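First to last, the protein sequences are chains W and E.
Residues 1 to 380 in full-length UniProt numbering are what the first sequence spells out, letter by letter.
Residues 1 to 380 in full-length UniProt numbering are what the second sequence spells out, letter by letter.
Fair warning: there could be bad hints in the mix.
Heads up, the list lumps identical chains together, so a pair's fine if it works in one copy or across two of them.
Computed list of lysine-lysine pairs in BS3-like fashion (alpha-carbon distance at most 30 angstroms, straight line) [what the hints assert, rightly or not]: (1) Lys146 / Lys164; (2) Lys43 / Lys68; (3) Lys164 / Lys342; (4) Lys337 / Lys276.
No lab work stands behind these hints: they were computed from the structure.
On a predicted model such as this, the values are computed, not experimentally measured, just so you know.
Number of protein chains: 2
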Amino acid sequence: MNGVLERETAIVTVIGQEGMPENLIGQKKVIAFNGEVKSGDMKLPWLEEQVAALIRGNAANLRFQIEKFFNLEKPEQSVTVMIDPYLPPRQLIILGGGHIAVPVASIALLLDYQVTVVDDRPEYISADRFPGVHRRICCSFHDIEKVLSFGPECSVLIVTRGHKHDLDCLRTLIKYPVAYLGMIGSRRKIEMARQQLIQEGIESEKLARVYMPVGLDIGAETPAEIAVSIAAEMIKVYRGGSANSLKTGGTGKIAHPNDTEMPSSADIEVIQNAVKACREGLPAAVATIVRTAGSTPRKAGAKMLIFREGRIIGTIGGGCGESEVRLEAFNVIDDLKPRVHKISLNADIAASEGMVCGGTMEVFIEPVSTFSGILTGGEE
Amino acid sequence: MNGVLERETAIVTVIGQEGMPENLIGQKKVIAFNGEVKSGDMKLPWLEEQVAALIRGNAANLRFQIEKFFNLEKPEQSVTVMIDPYLPPRQLIILGGGHIAVPVASIALLLDYQVTVVDDRPEYISADRFPGVHRRICCSFHDIEKVLSFGPECSVLIVTRGHKHDLDCLRTLIKYPVAYLGMIGSRRKIEMARQQLIQEGIESEKLARVYMPVGLDIGAETPAEIAVSIAAEMIKVYRGGSANSLKTGGTGKIAHPNDTEMPSSADIEVIQNAVKACREGLPAAVATIVRTAGSTPRKAGAKMLIFREGRIIGTIGGGCGESEVRLEAFNVIDDLKPRVHKISLNADIAASEGMVCGGTMEVFIEPVSTFSGILTGGEE
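Here chain W stands alone, though its shape is the one from the complex (with noise of 0.2 angstroms):
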């Protein structure tokens, strides 16, 4: 996408102003997590200035955010931007291309981890068990280190075909700072490597951070089951929460529970579908969930495309909200000027849809010709 959806940058889009001489709304911007521009122009530096410093002070932290922000020259002027983050996506490497690791493999995917899959066996690593992983390598579970690097945005799962292997890649990889670090095994075998690291001089406290044994407790017996439960767990340990049944309490944290979503890889189609709309010139419009208040399905940062032909791509939700943001939008396809729509999920129309969420939501509705601003390059 050149520069448009690289995924540490934020993309900037004016969607309110008061007191400005002329009208920005739409304009678009994408700034680097380090502040740097990386395409669009605003001709207002002192906006950009504003923005740039956010993006640049809450990199470790980005969400989307709606801000608005004043001309300190003059102060009766300001400007309401929408804040999209595209977050370097999280990565996963899983040692070992064993029975574990196909379905743990499978399931991150949809969680949009970008997946590694490291065996040193050709045969355990081949596409046809591993479709859609971004990486097979093939190597020597004593040469990780020379061709994987171990960040803060990995997650490592440790799943080779035998203990000897596990213990090389623990001792490996107990060093990193990773976001989550997990070996599977038995009690007996765990034990094992615990007390054979420890002779070896590795403190008690760097391995007490290590998942081992890997997963939550849900009894899971078969490959699927036992992915699930690692799965788990490595969200747990992301977002944190009680891992019990959300009935019996919880943390109080249920599905949708703040006001902002990250963006998932069906609201990042969404923008690379709009970028290719906006480049072959059809006619369609984005809508971002930028406020809501009460109980709705998405939350802000939530987009959906929707084509002038009735095609639909992504969700702010469904039921009738959609439905009339649908609407509204062929009318922003047909007088292009991107806006504010405000709907009510208390309406009669929405009772009688069974979509009584009480919540209302801001949507802000765009023509697609809003991201030319932000091309950058040729056609891909």
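Position chain E relative to chain W; hints supplied.
Showing chain E alone in chain W's frame:
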């Protein structure tokens, strides 16, 4: 497979004998869970009666097992059989085809569920959205009782697009003794539903059995994360467990804690391909783990098909143990004598392979020609 692999049947194979006048090793018979003989004949009424009685008596809870039976009239005669049950597949019915249903269906298919998706909007249950599912049913949520049955083999997930439909589904489902019933929703929505149904006279004990809000508390935010949290809860309800990280204790169940495995789709594929190879007269052998001691990567019931030209389907755990079985299988393919082969994973060669599992396993290896006794009907 014309009777061989109807999934409410067990394949019974003779793997050992004492005092018998003729060699029965490898003789097979397919017996339905109700005791009815589906195909095959071991020509030993005393054995067949005892086996059928055992299967009938344990139909609800049949697992892979090795059993020794004595001829009560000639107690010096005994036969050891392996009983390989094919249980009816677990069913998952997803009510609502929205953004949560899609990743739930993907993970449920990995878990060998037969998946049915229901929505009243045909575009939400397209084959594109739900590849590989068993049924996609378009009907009003008021009519689900007319088109589906909800037995104890069913898990049901209520994720329609709106509160009213969810409530209608819950009102219908609460009457049925399904294995698992989950409903998505905010705490507020769930509480409203509970109050409504209690007002309508439904006992609160019944409602307490419903998993609502659905899923384990792992901080799930994206649809795929929510799907993992739901799948993990379904496994936990089915298998048991504390849902704590295994590293912190749990109930002690870890990967492959039992001595037997339930047949996975990979093991079923082995049988299907063995039957096919038998029909086509291909030289091949099936290896089935019949007993294990100590720590082994797979347990009794796990299967692998070995072709003379070297190709393998399925796995009995990989590593050098599997290699040894593969070599012995070539001998079995040549001499056509089914036999039990014992493997020690403590061997030096195992250690050098990093495979210090410390266990032993007995593997029954049989030429695929043994399946000819249970073939029924013609080619597929």
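Outcome of the hint check:
1. For the identical chains of this complex, Lys146 and Lys164 are intra-copy neighbours only, at 19 angstroms inside a copy versus 57 angstroms across copies, given an alpha-carbon limit of 30 angstroms.
2. Taking the closest pair of Cα atoms, Lys43 and Lys68 come within 30 angstroms of each other only inside a single copy of the chain (17 angstroms); across copies the shortest separation is 85 angstroms, beyond that limit.
3. For the identical chains of this complex, Lys164 and Lys342 are inter-copy neighbours only, at 23 angstroms across copies versus 60 angstroms inside a copy, given an alpha-carbon limit of 30 angstroms.
4. In this assembly of identical chains, Lys337 and Lys276 lie within 30 angstroms of each other by CA distance solely inside one copy; the values are 20 angstroms within and 64 angstroms between copies.
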